[in-house]
Amino acid sequence: MSTTEETLNEAPVGPRGVQDSFNDYLTRIRGGDVGALPAIAGLIALVIVFTILSGDKFTNAFNFANLILQGSAIAVYAMGLVFVLLIGEIDLSAGYAGGVCAAILGLLMTDHGVNWVLALAVALASGAFIGLCIGLWVAKLGVPSFVVTLAAFLGFQGLLLIMTGAGGTIAYRNNAILAIMNKNMPLWLGWAFAVVAIASYAGLGLWRQVGRARAGLPTPSTLVWALKSGAFAVVLVAVTAYLSKERSRNVLLASLKGVPIVVPIVGALLVGLSFLLTKTAWGRHVYAVGGNAEAARRAGIAVSWVRISCFMMCSTLACIGGVLLASRTNSVNPNTGGTSTLLYAVGAAVIGGTSLFGGKGRVLDAILGASVVAVIDNGMTLLAQPQGRVYMITGVVLLVAASVDAISRRRAAASGRV
Amino acid sequence: MTVTDTERPVPATGTPLLSLRGIEKSFGAVHVLQGVDFDIHPGKVIALVGDNGAGKSTLIKGIAGIHAFDKGEYHFEGSPVHVHSPRDANSLGIEVVYQDLALCDNLDVVHNMFLGREQKKLGLLDESTMEQKARTTLDGLSVRTLSSVRTLVASLSGGQRQTVAIARAVLWNSKVVILDEPTAALGVAQTEQVLALVRRLADRGLGVALISHNLNDVFQVADEIAVLYLGSMVAKVAVKDVTPNQVVELITTGRAGGRDDLRTTKEAGA
Chain V
1 MSTTEETLNE APVGPRGVQD SFNDYLTRIR GGDVGALPAI AGLIALVIVF TILSGDKFTN
61 AFNFANLILQ GSAIAVYAMG LVFVLLIGEI DLSAGYAGGV CAAILGLLMT DHGVNWVLAL
121 AVALASGAFI GLCIGLWVAK LGVPSFVVTL AAFLGFQGLL LIMTGAGGTI AYRNNAILAI
181 MNKNMPLWLG WAFAVVAIAS YAGLGLWRQV GRARAGLPTP STLVWALKSG AFAVVLVAVT
241 AYLSKERSRN VLLASLKGVP IVVPIVGALL VGLSFLLTKT AWGRHVYAVG GNAEAARRAG
301 IAVSWVRISC FMMCSTLACI GGVLLASRTN SVNPNTGGTS TLLYAVGAAV IGGTSLFGGK
361 GRVLDAILGA SVVAVIDNGM TLLAQPQGRV YMITGVVLLV AASVDAISRR RAAASGRV
Chain S
419 MTVTDTERPV PATGTPLLSL RGIEKSFGAV HVLQGVDFDI HPGKVIALVG DNGAGKSTLI
479 KGIAGIHAFD KGEYHFEGSP VHVHSPRDAN SLGIEVVYQD LALCDNLDVV HNMFLGREQK
539 KLGLLDESTM EQKARTTLDG LSVRTLSSVR TLVASLSGGQ RQTVAIARAV LWNSKVVILD
599 EPTAALGVAQ TEQVLALVRR LADRGLGVAL ISHNLNDVFQ VADEIAVLYL GSMVAKVAVK
659 DVTPNQVVEL ITTGRAGGRD DLRTTKEAGA
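Keeping their order, the protein sequence lines are chains V and S.
Every letter in the first sequence is one number past the one before it in the working numbering, and letter 354, counting from 1, is 354.
Each position in the second sequence, counted from 1, maps to that position plus 418 in the working numbering.
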């Protein structure tokens, strides 16, 4: 207990100041743990640039709602990919797996007249089954996930082509499924969701605070909690208020206001999946397998099962993403979940701060990254830029994000965080 | 005899916690362990030494249940047991701290200490209880080198990591802790800390087996030395009865010059 590095003072027990919390955060960033910072900074920068370049065309409520609809499917796909990236694997087939599941839903509802709830359950089960097959192949046979899912990518592309058949599309006619991406909640319901979300966020934070204090553990200052809850409330109220504005170009033709129905769905997925990852033993095991699979095995964790379950999670979420895409276009076509969907989703997860090396990432990363991708796509389209340039810019942003990950790892190694 | 009900029965001195007799293990044609006897006593540190390939790792992997022995008796607290998986060993109270530590860099100290055996409340992780227990365990081992149990293991030094790995091993009221080369990658000051920690484990009444190539460490902390040579236990001696040179000779040749009595120690202990 002689070296200065080793003699560390006892951790202070009891409430800690805002200054302490802020210093901890700075230390983490300097140590190479940048977290969501690049994504948030990038998002703010992009919004400022597009606001200057396109003005009201970019910032108006209609475009804001549009942006949410464009980004939500990518966000859900990206959430699924976070799970496989966390264990250091990849799922290239997620895009078309979602397309196939959306096609299953469409065929059951439209051609066979199955009730939409039942059809959706079957589609989700198909997604889970696809993940099970991929997971078994990877975890039990030991074939690299890159190859397995590349094969699955080709296979599902073909399957989707066959399922959509000669007509080329499977139409969605069910109102409930179509409403997800095309309808808004009544104003009062939007506000109700916002209030419940703010109350839950603040309440859970306070509950955790009190629990830790009662257990005699170091707790962050109450002021930090108040600031966080306040910021959350301000953002949510602002977004809800903006979406509650009339955004129809011709009010006489159709009124268009309220929070899109997809928002609470994505929000519920965010909360539920974050809960799974951070509050359950399974979630802890996912991080352990991604961090050091051998250590996890020796600790008695069923590593294969954790791997398989992550692939199942990814494909099931891909199914939801596919249904969102189809709901937006009112039909499934051979390109649903194809073209750039998967690459945008992987890009979104990485831009948000999920590491391709495994063991690091959050569900929230998917939302942040998807927002960046959606803003680039939306903003550049408004500027009448050709799709080619949109892809090129998105590629550059992805490269920057992956480089930030790699550089922060080097920094982490340099600061003694192996 | 004035033993009350509340007192924990303390095994009589001389009764080993863990006792192996006539252990045989082969990998294909290679006969790795040949009739090995090995005892771990409560409150004692026994050092297991031997050259590379002598069978040290095979012996501890067998004890830990990673691979079963082919032949031989395995007794724990006096009764025969069957240990076929790490879980079997853990449930008996046997913990192994491996050379490569087996910690997850991306998780914090508490998460690592409870990895695979998380405490739950209503099916959810009980972080407060785990943090308290981790802290209590570290304090009980007089560990003062960790500022926060919520630090990521990635940011810890080698000695601190070793401390976490050892603390994880004693967290579960374990009775036997086996340490594989705990000081191999450490500096001088950190080695001192870890050896002091090893000694404290034995002083708390645990049976400790220490595998090491470093005879300085062995002579500093161990009570007994067991020497494996080409799969046979060639000597089992009290530290005070030998010199480092004699141990080196035992490790390299299987014999101690002028000390034929060392060979008989094995028979005497059996």
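These aren't lab readings, by the way, just hints derived from the structure by calculation.
Don't take every hint at face value.
Stated by the list, open to error - If we take Cβ atoms under 7 Å as the criterion, some of the chain S residues that face chain V in the derived model are:
hint, residue
1, A520
2, G534
3, D544
4, E599
All C-beta atoms in this analysis are idealised placements derived from N, C-alpha and C, irrespective of residue type, glycine included.
Problem - Hint validity - D544/S Cβ closer than 7 Å to any chain V Cβ - result: Constraint on D544/S not satisfied, violated at 10 Å.
Problem - chain V contact restraint for G534/S - C-beta distance below 7 Å - result: holds, 3 Å
Problem - When the least beta-carbon distance from E599/S to chain V is tested against 7 Å, hint result - result: Violated - the Cβ of E599/S stays beyond 7 Å from chain V, reaching only about 16 Å at its closest.
Exercise for the section: Using Cβ atoms only, decide whether A520/S comes closer than 7 Å to chain V, and label the hint accordingly. Expected result: Check passed: Cβ of A520/S comes within 4 Å of chain V, closer than 7 Å.
Going down the numbered hints, you'll see the structure goes against 3, 4, while the others check out.
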